[in-house]
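> Under the working numbering, residue 795 is the last one in the sequence shown; the count climbs by one each step, no gaps.
Because the hints were derived from the structure by calculation, they are not lab data. Some hints here could point you the wrong way.
As the list claims (entries may be wrong) - Only pairs whose alpha carbons sit at most 27 Å apart, straight line, appear in this in silico BS3-like list of lysine-lysine:
(1) Lys719 - Lys740
(2) Lys760 - Lys719
(3) Lys783 - Lys740
(4) Lys719 - Lys783
(5) Lys751 - Lys783
(6) Lys760 - Lys740
(7) Lys751 - Lys740
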Amino acid sequence: VQLQAFGGGLVQAGGSLNLSCSASGRTFSYALGWFRQAPGKERAFVSTISRSGSTYSADSVKGRFTISRDGGKVYLQMNNLKPEDTAVYYCAASPVLSMRMDVYKFWGQGTQVTVSS
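All chains, full assembly: derive it from the sequences and hints.
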């Protein structure tokens, strides 16, 4: 299984970005999620979606970020971005829907999101 994330970049506070991730291999039944790691901080959960469309999101992004999915592709629409959203964003695949990082078996390479104030 391989995952590739795209769509990061530099944006001003209040702006929007749409991240995408393509998962190859046997990921049809897997949950697909997004995590992020800010400089000097641990990797943290952002949002996840099951094959059937059930979702979980971190409190810090609720109302601003929307996760969606089309088969083996997962998207993260990020609106009203804040400087504290600056991080490397990773997509990942898990056999179960969870906010726990340790259940995600496969990881993409990450894409940088930088939000300027």
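> Can the restraint linking Lys783 and Lys740 be considered satisfied, given a maximum Cα separation of 27 Å?
holds, 25 Å
> Compare the distance between the alpha carbons of Lys751 and Lys783 with 27 Å, and conclude whether the hinted pair is satisfied.
holds, 16 Å
> Given the proposed pairing of Lys760 with Lys719, does the C-alpha separation stay at or below 27 Å?
Distance ~17 Å between Lys760 and Lys719 Cα, so the pair holds.
> Under the criterion that the straight-line Cα-Cα distance not exceed 27 Å, is the pair Lys719, Lys783 satisfied?
holds, 21 Å
> Between Lys719 and Lys740, is the straight-line Cα distance small enough, at 27 Å or below?
Distance of about 20 Å is within 27 Å: holds.
> CA of Lys751 to CA of Lys740, is that 27 Å or under?
holds, 21 Å
> Would the hint linking Lys760 and Lys740 be met if the CA-CA limit is 27 Å?
holds, 13 Å
Figure legend: structure checked against the earlier numbered hints; every hint is met.
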